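Just so you know, the sequences run in chain order X and F. All the letters of the first sequence, read from the start, carry residue numbers 9 to 412 under our numbering. All the letters of the second sequence, read from the start, carry residue numbers 9 to 412 under our numbering.
In short, the hints are calculated from the structure, not lab data. Any given hint could turn out to be false.
Which copy? The list can't say, so a pair holds if one copy fits it or any two copies do.
Said to hold, decoys possible - Computed cross-link-like contacts, DSBU-like style, restricted to lysine-lysine with a CA-CA straight-line distance of at most 30 Å: (1) K60 <-> K118; (2) K199 <-> K28; (3) K120 <-> K137; (4) K128 <-> K63; (5) K348 <-> K321; (6) K128 <-> K118; (7) K120 <-> K228; (8) K289 <-> K348; (9) K28 <-> K60; (10) K118 <-> K229; (11) K118 <-> K173; (12) K134 <-> K398; (13) K137 <-> K63; (14) K137 <-> K60; (15) K249 <-> K229.
Here the structure is a predicted model, which is why all the values come from computation and not from measurement.
Number of protein chains: 2
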Amino acid sequence: MSLIVQKYGGTSVANPERIKNVAARVAQYRQQNHQIVVVVSAMSGVTDNLIKMAKEILPLPDEREMDMLLATGEQTTIALTAMALQARGVPAISLTGAQAGIVTDGVHTKAKIQNITPKKIHELLKSGKVVIVAGFQGETPEGQITTLGRGGSDLTAIALAAALKADLCQIYTDVDGVYTADPRLVPGARKLPEISYDEMLELASLGAKVMQSRSVEFAKKFGVVFEVRSSLNDNPGTLVKEETKSMEDVVIRGVSLDKNQAKVTLSCVPDKPGVAARIFKALADAAINVDMIVQNVSPGSTQTTDLSFTVDKADLLKANKVIDGIKAEVGFNCIRANEKIGKLSIVGVGMRSHSGVAAKMFDTLSKIGVNIDMISTSEIKISVVIALEKAEAAMKAVHTAFLG
Amino acid sequence: MSLIVQKYGGTSVANPERIKNVAARVAQYRQQNHQIVVVVSAMSGVTDNLIKMAKEILPLPDEREMDMLLATGEQTTIALTAMALQARGVPAISLTGAQAGIVTDGVHTKAKIQNITPKKIHELLKSGKVVIVAGFQGETPEGQITTLGRGGSDLTAIALAAALKADLCQIYTDVDGVYTADPRLVPGARKLPEISYDEMLELASLGAKVMQSRSVEFAKKFGVVFEVRSSLNDNPGTLVKEETKSMEDVVIRGVSLDKNQAKVTLSCVPDKPGVAARIFKALADAAINVDMIVQNVSPGSTQTTDLSFTVDKADLLKANKVIDGIKAEVGFNCIRANEKIGKLSIVGVGMRSHSGVAAKMFDTLSKIGVNIDMISTSEIKISVVIALEKAEAAMKAVHTAFLG
Chain X
9 MSLIVQKYGG
19 TSVANPERIK
29 NVAARVAQYR
39 QQNHQIVVVV
49 SAMSGVTDNL
59 IKMAKEILPL
69 PDEREMDMLL
79 ATGEQTTIAL
89 TAMALQARGV
99 PAISLTGAQA
109 GIVTDGVHTK
119 AKIQNITPKK
129 IHELLKSGKV
139 VIVAGFQGET
149 PEGQITTLGR
159 GGSDLTAIAL
169 AAALKADLCQ
179 IYTDVDGVYT
189 ADPRLVPGAR
199 KLPEISYDEM
209 LELASLGAKV
219 MQSRSVEFAK
229 KFGVVFEVRS
239 SLNDNPGTLV
249 KEETKSMEDV
259 VIRGVSLDKN
269 QAKVTLSCVP
279 DKPGVAARIF
289 KALADAAINV
299 DMIVQNVSPG
309 STQTTDLSFT
319 VDKADLLKAN
329 KVIDGIKAEV
339 GFNCIRANEK
349 IGKLSIVGVG
359 MRSHSGVAAK
369 MFDTLSKIGV
379 NIDMISTSEI
389 KISVVIALEK
399 AEAAMKAVHT
409 AFLG
Chain F
9 MSLIVQKYGG
19 TSVANPERIK
29 NVAARVAQYR
39 QQNHQIVVVV
49 SAMSGVTDNL
59 IKMAKEILPL
69 PDEREMDMLL
79 ATGEQTTIAL
89 TAMALQARGV
99 PAISLTGAQA
109 GIVTDGVHTK
119 AKIQNITPKK
129 IHELLKSGKV
139 VIVAGFQGET
149 PEGQITTLGR
159 GGSDLTAIAL
169 AAALKADLCQ
179 IYTDVDGVYT
189 ADPRLVPGAR
199 KLPEISYDEM
209 LELASLGAKV
219 MQSRSVEFAK
229 KFGVVFEVRS
239 SLNDNPGTLV
249 KEETKSMEDV
259 VIRGVSLDKN
269 QAKVTLSCVP
279 DKPGVAARIF
289 KALADAAINV
299 DMIVQNVSPG
309 STQTTDLSFT
319 VDKADLLKAN
329 KVIDGIKAEV
339 GFNCIRANEK
349 IGKLSIVGVG
359 MRSHSGVAAK
369 MFDTLSKIGV
379 NIDMISTSEI
389 KISVVIALEK
399 AEAAMKAVHT
409 AFLG
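Full structure from sequences and hints, please.
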């Protein structure tokens, strides 16, 4: 008998019919005598509708009241899911985040889990019940309802798995698992049976939107092994866990392409201390997330430098405005923006112990005539910025070169 | 400075626009320096939609889970209402039933309020906030979410007014107040400036559906004076309170007509002890609510009697079935049902001190050729069952006779 935590996202519980399907799957596991805790999100569309109503009333709603409002979404799903299990004759009970003992800090709309008291869930499991917990929400020690922000339901599942010392944590979603590349773009992409936390983190931050980095980081910190798998079939998914020796034998775990970045270049920036800090502080103050940063010496000058960085396309206008506002102070020459770029990355913990990975990637790109615009590397990742029009072909070529 | 509890029903908060109107009214009162507690229902249609989803999953949903589900309706409204007040610059905070200190027993879907700890609300009022409380819901001492059943939000408002020792409790609804008769049926009907609890109770139980009896009983028990008024205009409503000497000067407070009853007659029922008990126990066991009961001696027999009673039209089929099931045991002759009846009632505490009220009513009916089928009286009420086709004309005539 194992204790399993299963998490189902918004599309998996989008309507009563799908909730019945979730119940069927949970019932299957329970027939094998497992203890099961189910974490569910709001039915897809519900949260958006609540936000829409709130914004009709107040463009920037109070965050405490926003939490009060949004927490109803998951509360609705847990009740319906418990009923769907009861309809199959499976004893089940729903718990709000607060009832499940999930205590958070008081930072409304993006609260952090402080601790979980799993006593009540253990008691209910012992009494033979499937326990359905509302994802995404918790309660402060003072009894205020909070929500955990984006990816919050995944976080609830992983934190519960840690607190309950679960044997297995399954994240059910609308994809089959983590692939070597986006299967819609790369026909030869394969599902990975396993991946390390760090690789998953790099892929998450690279736009392979299976999960938010935050939940993966939490899992890594508390050593929670979890499986990403589809709620639409019974295929095994991808196991995410601490890296093992054998993982390093595989040089590259996956290839990802992010088409949502734009590149900003400032030319003839004075090459003196404090300038870069000034620029990126201004961007940070405006809550603009900067991804890659590359600095080159300007041709024909030793006093100035060219500085390039990438931001989300959605933030490009705002970034331009912020930079323009400090032009006089910083003293650069001009700003250029380029939205027609793609960021191609390869990720793998095996990179650490294998040399020549970067060389092989650059060589592959040069062979198909792709020019590299920016390069950025981490211990287990190499990213290049290339022209958007060639990005998909480049992704296929790199996938073939490394992953066959 | 007064402490005012205001309750707004589902149609008053049906969408963000109407919630803004509620906020405008609350803000008006607050400008006069009153402390205000607002109790709101679920937005109209929301509860029905939740019930519909639940029934798609399970025809008879578990009641604990039903409460978990339905409680989200009011929670949504409180958050939006708090936002609407904040949008007007009025400090406001929302509280679930549990957060407001409303403790109930554990009878899910029709819980009774056990006690209210008003400390937190008092603190929040003192800090200058308008406090928005979710109607219809509470929490057991063990932390289970409960709902109070039909009319639950009115009950929340009246119970809070009692616990907070409020100076005034206003029940905002889609009617202007309590009338001497239904103004859609009787053109001469007038709005009553005040009415006693007992008269209101009789009218509530007679189908004048302004409020559930339960809330009026609670108000009577705890001496909560409340006002029923419209959320669509600023007209004064009807004050409901303990009867005063002056109230007795008015013989009849109002006339009401209930067209939702059906009459069942059992003929030649053995006239011996225990027979009536057997019949009405069977109906009670089937949760059928019996209203009027009249027993007559059958013509030409001293051994048997005719027994008539009225039930909701919706329960008529079920009632027939139940009675048929005990036919052999009880030994009556036949069942007859009549759906084409109307129950016409006059209500007034003044009846106690004025004689001849019944005679005047019967005389009025006979003058317009209306035959009386059944009669039932209480201390402050006289009800007659008459043919449905003549019911509205009879109502007008009786209204004219007593109320001009």
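Cross-check of the supplied hints:
no., hint, result
1, K60 <-> K118, "within (19 Å within a copy, 32 Å between copies)"
2, K199 <-> K28, "within (28 Å within a copy, 51 Å between copies)"
3, K120 <-> K137, "both (28 Å within a copy, 27 Å between copies)"
4, K128 <-> K63, "between (37 Å within a copy, 28 Å between copies)"
5, K348 <-> K321, "within (10 Å within a copy, 70 Å between copies)"
6, K128 <-> K118, "both (25 Å within a copy, 25 Å between copies)"
7, K120 <-> K228, "within (16 Å within a copy, 47 Å between copies)"
8, K289 <-> K348, "within (26 Å within a copy, 80 Å between copies)"
9, K28 <-> K60, "both (28 Å within a copy, 15 Å between copies)"
10, K118 <-> K229, "within (19 Å within a copy, 45 Å between copies)"
11, K118 <-> K173, "within (25 Å within a copy, 38 Å between copies)"
12, K134 <-> K398, "neither (57 Å within a copy, 65 Å between copies)"
13, K137 <-> K63, "between (39 Å within a copy, 22 Å between copies)"
14, K137 <-> K60, "between (36 Å within a copy, 25 Å between copies)"
15, K249 <-> K229, "within (11 Å within a copy, 63 Å between copies)"
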